[in-house]
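Peer 1: Residue 120 in full-length UniProt numbering sits at position 120 of the sequence shown, and the numbers go up by one each step.
Because the hints were derived from the structure by calculation, they are not lab data.
Heads up, a few of these hints could be off.
Capping the alpha-carbon separation at 20 Å, the derived lysine to any residue pairs in SDA-like fashion look like this [stated by the list, open to error]: (1) Lys227 x Gly284; (2) Lys7 x Lys211; (3) Lys7 x Phe287; (4) Lys227 x Phe287; (5) Lys25 x Gly281; (6) Lys211 x Pro289.
Restraint-style ranges between C-beta atoms, simulated for each label pair [claimed, not checked]: (7) Ile31 x Leu117: 31 to 39 Å; (8) Asp291 x Ala112: 19 to 27 Å; (9) Gln132 x Lys305: 51 to 59 Å; (10) Ile280 x Glu17: 38 to 46 Å; (11) Lys305 x Gln190: 16 to 24 Å; (12) Val167 x Leu42: 47 to 55 Å; (13) Ala112 x Arg261: 21 to 29 Å; (14) Ser162 x Gly118: 44 to 52 Å; (15) Arg176 x Pro51: 36 to 44 Å; (16) Ala115 x His81: 26 to 34 Å; (17) Val169 x Asp44: 42 to 50 Å.
The model shown is predicted, which means the values in this text are computed figures rather than measured ones.
Even for Gly, the Cβ is constructed at its ideal location relative to N, Cα and C.
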Amino acid sequence: MLSFFDKPIGIIYGHSEQYNPLFEKLYNRGIAFDIINPADHLYDPAQYEVPYSLVFNDMSSPPYLTHNALGIAQTIEYVKHVEKLNGIHNSSKIINGARVTEILSTKSRQLAVFASLGISFPKTRVVSSIDQLLAAGNELNFPILIKSNGINDHIATQRFESISELVNVLINDELRLNGDKSLVVQEYIQPKGNHILRAEILNGQVLYAVKVFHAGDQPDAWSIEVKANIFTPSIEITQALEKIAHAALIDVGSIEYIIDRKTNNVYFYAIRPHTSSLSIGVDGLDFNPFDQLTNYLEQRLQKIKEIALTI
């Protein structure tokens, strides 16, 4: 059995290694790590010792990888197992605990975080049947968006301009659905400047923020990001972002919001507790975010080692 000081960092990551510059950064600094693919993983629930000095949960789920639904479920179970072994109040050995993956797994859970903080998000209904779609449509202002509540489905966001258009699609059975997921029905907000706003979070604080321009008129899991520009959010928005990060227990990730073109109201709409968006090229960013992330992992690892020496 490895001593604590010989244990690698365990990084839960469901993509190809080539997509994550973090691995090269860790390798260059001589920091040992193992990549844990949660969609192809096993663990012993009777295990009493974690084989990693630090576990970094960097699980994300692009819609084109259907096996990631299982990966998300495995991530939640394994991270809860690690949390139990470390002690429920000792989160020092885990970055992004099980709660953040549970929040990632559905859009409604992300919206529930905003609601719990009194933070605005687009007016929404969550429905479990086709019969309730018309009821939801009658309670919302058009245009509306219909999305799968899951975050790894092969279902793009669908936009409807009127209740009659929705009725016609339902009558002709043309609505694209995933039968085992509930649906999120949401008022469409036209974004000011035709971009969304994304803040990258590190250690629960805003690292930087960008304006992200997408191909098409509504960003979703299938949209292509064509440009990102650095900007500085207001103090009030920064405080709201960090409240969200604290409530969702996000150590590393991003939070997305938009400004309504008509009213200038701010609406938050997505929480993404993983590093996938750090790889997006950003105009005006004068540092490498993966250097900052590597520094953070190294600092966390050093603190854990210092604690271990006192035991």
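Peer 1: Now, for every hint given, state plainly whether the structure supports it.
Peer 2: A quick look at each hint next to the structure:
| no. | hint | result |
| --- | --- | --- |
| 1 | Lys227 x Gly284 | holds, 12 Å |
| 2 | Lys7 x Lys211 | violated, 39 Å |
| 3 | Lys7 x Phe287 | violated, 30 Å |
| 4 | Lys227 x Phe287 | holds, 17 Å |
| 5 | Lys25 x Gly281 | holds, 17 Å |
| 6 | Lys211 x Pro289 | holds, 16 Å |
| 7 | Ile31 x Leu117: 31 to 39 Å | holds, 35 Å |
| 8 | Asp291 x Ala112: 19 to 27 Å | violated, 34 Å |
| 9 | Gln132 x Lys305: 51 to 59 Å | holds, 53 Å |
| 10 | Ile280 x Glu17: 38 to 46 Å | violated, 18 Å |
| 11 | Lys305 x Gln190: 16 to 24 Å | violated, 51 Å |
| 12 | Val167 x Leu42: 47 to 55 Å | holds, 49 Å |
| 13 | Ala112 x Arg261: 21 to 29 Å | holds, 26 Å |
| 14 | Ser162 x Gly118: 44 to 52 Å | violated, 31 Å |
| 15 | Arg176 x Pro51: 36 to 44 Å | holds, 43 Å |
| 16 | Ala115 x His81: 26 to 34 Å | holds, 30 Å |
| 17 | Val169 x Asp44: 42 to 50 Å | holds, 49 Å |
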